[in-house]
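K.L.:
Each chain, written out:
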Amino acid sequence: MTRFEFMDCRQLIQILGLRADDEQELADLLAEVPQDSVYHHTHGHFLRHGFVGAPYPNDFATWAVTQVRDRALGERLAVVSPLDHPTLEDLRQEILDILDDHLSRLNIVPRVIFGEPFEFIQSRVVEVPTGIEAGSLAEFRTGLATVPASAIYFHAIESARRLPHTQTDFTVWLREGLGMPVLASAVGRLDPYAGSLERLRTEIVRLCDAALVGEADASVRGGEVGVQP
Amino acid sequence: MKNTGLAAYRDVAPPGTVEFLSRLGEKVRGRTFRHINSTRQGGGVAEILMRLVPLMNDLGVRADWEVLEGTSEFFRVTKAFHNALQGEEQVITEEMYQDYLDCNQHNATRLDLQADLVMIHDPQPAALVLRREPGSAWVWRCHIDVSRPQRRVWTFLRRYVEQFDAAIFSLPAFAQRLPIPQFLVYPSIDPLSDKNRDLPEAEVAGILHRLEIPRDKPILLQVSRFDRFKDPVGVINAYRLVKRRTDCRLVLAGGGAIDDPEGKLVLAEVREAAGQDADIHVLELPPDAHLEINALQRAAAVVLQKSTREGFGLTVAEAMWKAKPVIGGAVGGITAQLLYDVTGYTVHSVEGAAYRTLFLLHNPEAAIRIGRIAREHVRRHFLITRHLAEYLMLLHELTA
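Those protein sequences? They're chains A and B, same order as listed. Under our numbering, read the first sequence as residues 1 to 229, first letter to last. Under our numbering, read the second sequence as residues 1001 to 1400, first letter to last.
What the hints contain is simulated information worked out from the structure, not anything from laboratory work. Accuracy of the hints is not assured; some may be wrong.
[Claimed, not checked] Here are the simulated distance ranges between beta carbons:
| # | chain 1 | residue 1 | chain 2 | residue 2 | range |
| --- | --- | --- | --- | --- | --- |
| 1 | A | Gly17 | B | Gly1087 | 13 to 23 angstroms |
| 2 | B | Ser1022 | A | Met1 | 22 to 32 angstroms |
| 3 | A | Gly17 | B | Arg1369 | 30 to 40 angstroms |
| 4 | B | Pro1364 | A | Gly195 | 46 to 56 angstroms |
| 5 | B | Gln1105 | A | Leu163 | 49 to 59 angstroms |
[Claimed, not checked] Some chain A residues well away from chain B (every beta-carbon gap over 12 angstroms; in silico):
| # | residue |
| --- | --- |
| 6 | Arg10 |
| 7 | Leu12 |
| 8 | Glu25 |
| 9 | Ala31 |
| 10 | Arg76 |
| 11 | Leu83 |
| 12 | Asp90 |
| 13 | His102 |
| 14 | Ile108 |
| 15 | Phe114 |
| 16 | Gln122 |
| 17 | Thr142 |
| 18 | Val147 |
| 19 | Gly177 |
| 20 | Val213 |
Every residue, glycine too, gets a C-beta built ideally from N, C-alpha and C.
Here chain A stands alone, though its shape is the one from the complex:
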């Protein structure tokens, strides 16, 4: 069986030199920026706001609310979940549609007056091993509880970009490495965008704990291992 190697990561941030002072410019630039930038402002957000949480779960919504003071747009953008949009192009289009619809209902284009413009950026993720590995569910659970939150980001969010069919490093290893498809499915159903990385960690640990209890029970009964779907 392949051991699971926990990796840590950091973002190296790249400035694109594109900035929007109003919501129309935001839409125009969003339509043309690289996908990496769309990803950074919607997914990468979680790695940058670990301790001081941002008010909304993506940079577009946060900018609308905190800099333009347009709560209505912020609210609409806040509920856009990357989970509902399997590709970054779908996600980009959804945000553009919301922006277009919002602007079509207004007589003016809301703009920054005392706030700051929206700066489009993108990032490269550099990963390194943490030195923590797991060969069993118990070791996985211990490692999960120990690693920095940025490692949770790397395996639960960043890896979904590398892997097909919304899989993550965690779900692949639980299914294929440990042979625990039920637990893998349960972890896969968690919404990583609904809360913080720490909350996600807590949820996965809770599922592991339930599976470990199931494992212990099964070893007594000789039954099936895993949490209930």
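Start from chain A and add chain B according to the hints.
P.N.:
Just chain B, lined up with the frame of chain A:
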């Protein structure tokens, strides 16, 4: 400085940071990283390189730091460049451009320019790139705001900047559009330096006693050069609004007035604005007064940085690291440090500064909450360990 190696940062950096750096160091072990700037002493760049270079070597990177040699004329020219790039109107003659190029050419023959990564800090050594050797990655690290430069000077400098492999800016707003990749790296503070390390209360008390600052009432503090963009007179006006309702002292601590004619002028204005008020203390500190600044920040109830124009404004992070509530002007890097009502307050006016000062003096729970979160914000985003990680990631990415 009591600290030495990377291990000393284990207790102050976010959990896992030292391990991350060690593992990252393994990826770039043995590669060479040469910094080149224009001064060994004085200023934020030298201050941070003094610490970053030994830490890079600790991690197995063969890092060193070279300094440009120049005549006083060269430094007069580059001072004019510096001001022009930050938007001040300057007269730059053809002869001055030639002096700049001659000095860079002289240094190109003197310095070893061969390294896996050569990082050129600021405009002074930028033309060294003309002598870059194959096999090296060259990065221009710009510490100043070049977003609204005097066009002719930027056009001159740009032709050199474009020959680098990448540029680094301290804020997206400080950058120019360039045909090379541009990275964002915030500057940082060293939590173990004399300016930021923990100080026992007795030492704080001793230093304040020596500076003749009584601690009988809350202290409002601004630490900055005597420069109009730091708005020291605005701070005095804000203090006066506060003083009407709450007794307090104001300490304006800064340097830069000795060799700087404009600094002398501003200092005179500040003294005039302070008048005979015994509760306003105007301190002229030497550039190495790190412990004094540390003690003043620790003794303050509220720290202000009411700039009207600012670079990054790391004095804000210094005070935040001491868990102090900070009120800053909504300009430059201050807005990256002070997240409104979370890690501090940004304001746009004297009245705003006065209102938030009163709020913090009368709501000690809020001041404590903000100070605590501010310290954690600095721990995660503005410590030298994050800065080090980003430079090593660049080394990894650009020299892979």
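K.L.:
Against each hint, give a clear statement of whether it holds in the structure.
P.N.:
Hints, one by one, checked against the model:
Checked against the hint of 13 to 23 angstroms, the C-beta distance between Gly17 of chain A and Gly1087 of chain B comes to roughly 18 angstroms, which is consistent with it. Restraint check, Ser1022 of chain B to Met1 of chain A: a C-beta distance of roughly 28 angstroms satisfies the suggested window 22 to 32 angstroms. A beta carbon spacing of about 37 angstroms between Gly17 of chain A and Arg1369 of chain B agrees with the range 30 to 40 angstroms that was offered as a hint. The given range of 46 to 56 angstroms is broken by Pro1364 of chain B and Gly195 of chain A, whose C-beta atoms sit roughly 31 angstroms from each other.
Here the CB-CB span from Gln1105 of chain B to Leu163 of chain A is close to 53 angstroms, well matched to the stated 49 to 59 angstroms. With a least beta-carbon separation of about 6 angstroms from chain B, Arg10 of chain A fails to lie farther than 12 angstroms from that chain, contradicting its non-interface assignment. Here Leu12 of chain A does not stay apart from chain B, with its beta-carbon only about 5 angstroms from theirs, under the 12 angstroms limit. Every Cβ of chain B is farther than 12 angstroms from the Cβ of Glu25 of chain A; the closest lies at roughly 15 angstroms, confirming the non-interface assignment.
With a least CB separation of 18 angstroms from chain B, Ala31 of chain A remains clear of the 12 angstroms interface cut-off, as annotated. In this structure Arg76 of chain A is separated from chain B by more than 12 angstroms, as the shortest Cβ-Cβ distance comes to about 23 angstroms. With a least CB separation of 27 angstroms from chain B, Leu83 of chain A remains clear of the 12 angstroms interface cut-off, as annotated. For Asp90 of chain A, the condition that its CB be more than 12 angstroms from all CB atoms of chain B holds, with the nearest at approximately 27 angstroms.
Every CB of chain B is more than 12 angstroms from the CB of His102 of chain A (nearest about 24 angstroms), matching its label as outside the interface. Against the 12 angstroms criterion, Ile108 of chain A stays outside the reach of chain B, whose nearest CB is about 22 angstroms from its own CB. Here Phe114 of chain A does not stay apart from chain B, with its beta-carbon only about 6 angstroms from theirs, under the 12 angstroms limit. For Gln122 of chain A, the condition that its CB be more than 12 angstroms from all CB atoms of chain B is violated, with the nearest at approximately 10 angstroms.
Every CB of chain B is more than 12 angstroms from the CB of Thr142 of chain A (nearest about 15 angstroms), matching its label as outside the interface. Against the 12 angstroms criterion, Val147 of chain A falls within the reach of chain B, whose nearest CB is about 7 angstroms from its own CB. At the 12 angstroms boundary, the C-beta of Gly177 of chain A stays outside the reach of chain B, the nearest C-beta of that chain being 22 angstroms off. Chain B leaves Val213 of chain A outside its interface by the beta-carbon criterion, the shortest separation being 28 angstroms against a cut-off of 12 angstroms.
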